[in-house]
Amino acid sequence: MNVKRWVALVVAVAVVGVSLMFNLFATIVSTDFDQAIEGAGLEEPFMEEVMEQGTDGRIVVIELDGVIQDMGEESPLMSAGYNHQQILDMFDNAMEDPTVDGIVLDVDSPGGGLIESEEVHDKVVEAQEEYDKAVYSSMGGMAASGGYYVSAPADYIAAHPSTLTGSIGVVLSGGIGGLNFSELLEDLGVEDNTITTGPYKDILSGTREMEDDEEEILQEMADEMLDEFVDVIVEGREMPEDTVRDLADGRIYTGNQALDNGLIDGLGGLDDTIVTMEENLGLSNPEVVRYQSQMGGFSSLFGGAMQQLTDDSNELSELITALQQENSPRLMYLYEQ
1 MNVKRWVALV VAVAVVGVSL MFNLFATIVS TDFDQAIEGA GLEEPFMEEV
51 MEQGTDGRIV VIELDGVIQD MGEESPLMSA GYNHQQILDM FDNAMEDPTV
101 DGIVLDVDSP GGGLIESEEV HDKVVEAQEE YDKAVYSSMG GMAASGGYYV
151 SAPADYIAAH PSTLTGSIGV VLSGGIGGLN FSELLEDLGV EDNTITTGPY
201 KDILSGTREM EDDEEEILQE MADEMLDEFV DVIVEGREMP EDTVRDLADG
251 RIYTGNQALD NGLIDGLGGL DDTIVTMEEN LGLSNPEVVR YQSQMGGFSS
301 LFGGAMQQLT DDSNELSELI TALQQENSPR LMYLYEQ
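Read in full-length UniProt numbering, the sequence shown has 272 at position 272, and its numbers run on one by one without any break.
Any given hint might turn out to be false.
[Unchecked claim] DEER-style ranges, computed between Cβ atoms: (1) Asn-285 with Ile-217: 54 to 60 Å; (2) Pro-161 with Glu-209: 20 to 26 Å; (3) Glu-224 with Glu-49: 37 to 43 Å; (4) Asp-246 with Ile-115: 25 to 31 Å; (5) Asp-192 with Ile-217: 16 to 22 Å; (6) Asp-122 with Asp-192: 37 to 43 Å; (7) Pro-161 with Asp-70: 31 to 37 Å; (8) Glu-48 with Glu-191: 35 to 41 Å; (9) Met-47 with Glu-186: 52 to 58 Å; (10) Asp-65 with Gly-282: 26 to 32 Å.
Don't read these hints as lab results, they were simulated from the structure.
Even glycine gets a Cβ: it sits at the ideal position worked out from N, Cα and C.
Make a model of the complete structure from these sequences and hints.
Right, here's the structure in full:
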């Protein structure tokens, strides 16, 4: 590792350390903030940004940006990142608002956790079936794997011609899972003395080679989750199962290719998707609003400063992301580059 990489690693560790200390402070502040909201009789800590003024109906835009993963309390390093609980709350608010005619999910995501993706997917279905709300999906630069999973039940899916979507499948990901550095440890004279209570307790350990029966166990788990992914598309897109399985080999598709193989309904951006919803719902002049977080203040300023810092170094940004993620392996609906 050269000097530049060592410096980047040291800075990354320092930044994450500062983030952890700041999170402790932010937790205290956010608790007071939540209590203030509750005391004032307010519902959710997000606001409505009016995108288009109108008098005939309402359309709500919910932005899903980033890895679909519940990281708990929002980090100051992720001022504009994905907030899982807030996405679910936004759906609840839009569903329960009788003035809302339709919801547009603005997706730009490589996917994420199985459970989190399923929870967002279920909110889409709930909005449609229990509240009779139209839900459309507008795909941005990427809506792959879990990003497609949450879009599959939408009444209409649009993408840019160059959108990367698809990546239908499951990956065992997170931390050091899947890496084997036993030979490196042997060369360094390091011995693993892990004690387990069963032959599979340390499955996916990076200090030894994976056995054939262990690989079979993990593959069965991944295949089971793939079956669920396929079922979601079969039901949401009303496509034959054999057609979906042909598409579910993990490859990514452009928006043009996704349209050709039936994974989306049309080409266009967010504005085009909103216009399509207006026309399909017969709304001549609806108000269009975007739900946005109003958790600004010091956290946003700090997050913006860290974002500016990491923008100057791709390596540093990747290191910070890796250090923030869980160390334990997990199955994910995630497109990994």
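Results of checking the hints against the structure:
1. Asn-285 with Ile-217: 54 to 60 Å: At roughly 58 Å between Cβ atoms, Ile-217 and Asn-285 fall inside 54 to 60 Å, so the hint holds.
2. Pro-161 with Glu-209: 20 to 26 Å: Between Pro-161 and Glu-209, where Cβ atoms are some 44 Å apart, the hint is violated.
3. Glu-224 with Glu-49: 37 to 43 Å: Since Glu-224 and Glu-49 have Cβ atoms about 41 Å apart, the given range 37 to 43 Å holds.
4. Asp-246 with Ile-115: 25 to 31 Å: holds (27 Å)
5. Asp-192 with Ile-217: 16 to 22 Å: Given a distance of about 21 Å, which is inside 16 to 22 Å, the answer is holds.
6. Asp-122 with Asp-192: 37 to 43 Å: 41 Å Cβ-Cβ, so the 37 to 43 Å window holds.
7. Pro-161 with Asp-70: 31 to 37 Å: holds (32 Å)
8. Glu-48 with Glu-191: 35 to 41 Å: At 60 Å between Cβs, range violated.
9. Met-47 with Glu-186: 52 to 58 Å: Given about 57 Å between the Cβ atoms, the range holds.
10. Asp-65 with Gly-282: 26 to 32 Å: 30 Å Cβ-Cβ, so the 26 to 32 Å window holds.
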